[in-house]
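In order, the protein sequence lines correspond to chains A and B.
Here the first sequence stands for residues 1 to 341, where the numbers follow our numbering.
Here the second sequence stands for residues 1 to 341, where the numbers follow our numbering.
Treat the hints as calculated values from the structure; they're not laboratory data.
These numbers come from a predicted model, not from an experiment.
Take the hints with a grain of salt, since some may be wrong.
Remember, identical chains collapse to one label, so a pair may be satisfied in a single copy or spanning two.
As a list, the in silico DMTMM-like pairs of lysine to aspartate or glutamate whose alpha-carbon atoms are at most 25 Å apart [unchecked claim]:
(1) Lys-141 <-> Glu-327
(2) Lys-74 <-> Asp-194
(3) Lys-82 <-> Glu-42
(4) Lys-282 <-> Asp-251
(5) Lys-272 <-> Glu-339
(6) Lys-141 <-> Glu-243
(7) Lys-191 <-> Asp-14
(8) Lys-141 <-> Glu-187
(9) Lys-276 <-> Asp-251
(10) Lys-282 <-> Glu-243
(11) Lys-82 <-> Glu-44
This is what each chain is made of:
Number of protein chains: 2
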Amino acid sequence: MPELNIAIDAMGGDNGPSIVIEALEKAVHRYPDVKFTVVGHEQELTPLLDKFNLSSHPSVNLVHAEQVIEMDDKPGQSLRSKPESSMRVALQTLTDGNCQAMVSGGNTGALMTNAYFTLKTLPGVLRPALMTALPNQTGGKSYLLDLGANASCDSETLFQFGVMGAVAAEYLSGVPAPKISLLNMGEEDIKGNDVVRNAAARLAQCEQLNYIGFIEGNHLFSGRADVVVCDGFVGNVALKSCEGLATFIIDQMRDTLNSHWLYRFFFRFLQKRTHKSWDRLKPDHYNGASLIGLRHVVIKSHGSASAGAFYSAIQQAVAEAHEQLPERIKHRVEAVLSEQL
Amino acid sequence: MPELNIAIDAMGGDNGPSIVIEALEKAVHRYPDVKFTVVGHEQELTPLLDKFNLSSHPSVNLVHAEQVIEMDDKPGQSLRSKPESSMRVALQTLTDGNCQAMVSGGNTGALMTNAYFTLKTLPGVLRPALMTALPNQTGGKSYLLDLGANASCDSETLFQFGVMGAVAAEYLSGVPAPKISLLNMGEEDIKGNDVVRNAAARLAQCEQLNYIGFIEGNHLFSGRADVVVCDGFVGNVALKSCEGLATFIIDQMRDTLNSHWLYRFFFRFLQKRTHKSWDRLKPDHYNGASLIGLRHVVIKSHGSASAGAFYSAIQQAVAEAHEQLPERIKHRVEAVLSEQL
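Next up, chain A with everything else stripped away, as it sits in the complex (with noise of 0.2 Å):
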């Protein structure tokens, strides 16, 4: 295997470069054999990078970017007026050859609009999806795509996103076969638009695609399906919905323990003593959605991440460029559109 190299745009997110570096030291640790190309601004990053003794470190490598997209920057502005921003620069030392994947928390549609404008889509692929894994309650993981890069889709490209989350939970859940499934209203055949039910019957009839038909909302943490497709409207609300709902969820608990010191002392008896099963459903792990179907791997972090959720983003960032994703995504591609002729 070739090494590896990660580019990291430094300067996104809501938490500034510091976790950023942080987290980069510990991915310097985890794995001694993986360069890391660190796109920032020098001066900033500089002090950062010393106070993790990362400066002169061989695994890390400095890039100068002059400007920064900003949260609140309009994508199609941040391509055209930004073309020396910290994302951009990343996602360059992947055409040039010198990186093989990279991460950024930054502004999402700037990440998205930036990333297809300079890696393109694999061939044959129409469109780029964002995909994240899920916890479910087999003890393993589901992949739901698309989660926002296209608001609506047609048939044939929610299609290819079976097929393109199929490749990802195989190299990377490692599950043979994985079971694609679309998101509906329903789990009968009649049920949704015809986008959703043409879609389904092109997965039906792709011989080298385990499809098992629609799945409901209520399926999403099930693990009835290794692959979930929708589009980006549908995936976004529903994963954000979740994270409502979660959201709503602590912060009762919290007013709970928070009525009684009897309450938080047993939650701390019970929170050391099982955090083991509970561990593994942290959002942290999950950080790191993947832009999928372009010519490299780009992450996209979460803007509000910590250090530890940034380097889950990394970590997935090694994953995939390991396992040459888009190589295999392309193969796969190929090999199902071939089947049709």
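Assemble chain B onto chain A, guided by the hints.
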């Protein structure tokens, strides 16, 4: 106020008529001034009514229906081949003027089709919508619609859902000038698709409405909006995904509690002492989705509802009938549509 009479389809739901009659007994005592018309198979219902001492109760009237719509009957088929179903007979008590609201735990698709056919939409209303109340972090409720009556909607339909939802929030929750929002994959004006953007423009123009803009899924439970509008596909997936996450968390908690008797002891202790603050979040209390936009009140109870949950659906029916919700929606829709002229 005229005397209320609530029609109850006793044959719908996975748990059979026994939970319906158990819920009825509770409702009869809670609402001594309300009459109840129980519709279903006489031979099956009589022993159950006897069991709960309701056979000769002055508030309870049994109406025989020969047919039952099964959970797997196709909606159109149920309409054509089962004109004597308990569901249809119960709906007809509304058009006959004998009852003011109807509750059913039966086949959702069949209920929507039979209700639409039997009752028709209110003048000016394009489409009925399925609506539910959700608890929120401010201690109040937010109304979410549509939950699946319409797989796709045009912008005028979404606009009308906003109008109808606001009437519900105003009269059922007592919120003056309810904050109306559209569920979208981002908060910026440019986000989403043409349908939501046009609906947003339409809502913003209307002076009689308090439209606050787009919200994302993570604000579904925050209380930022009193009314959250989306098409039935998105609403169905959002609500069911939350259901799926809640099930996952509860299962995970059960595993934790089952791993040691001490944890169970702690939990029961905590549960007893904090049940008040958690009680309002129990799903049972939110059972009963309203099919609004029709000329009469129709409430859909969850198919797997317990007696307690079915009782909540009856309460919802009584509240909407008491507030004459269809009449109020009719006037508001008229007023809003005339503003446009």
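In rising order, the numbers of the hints this structure does not comply with: Number 5 - this is the single hint that the structure violates.
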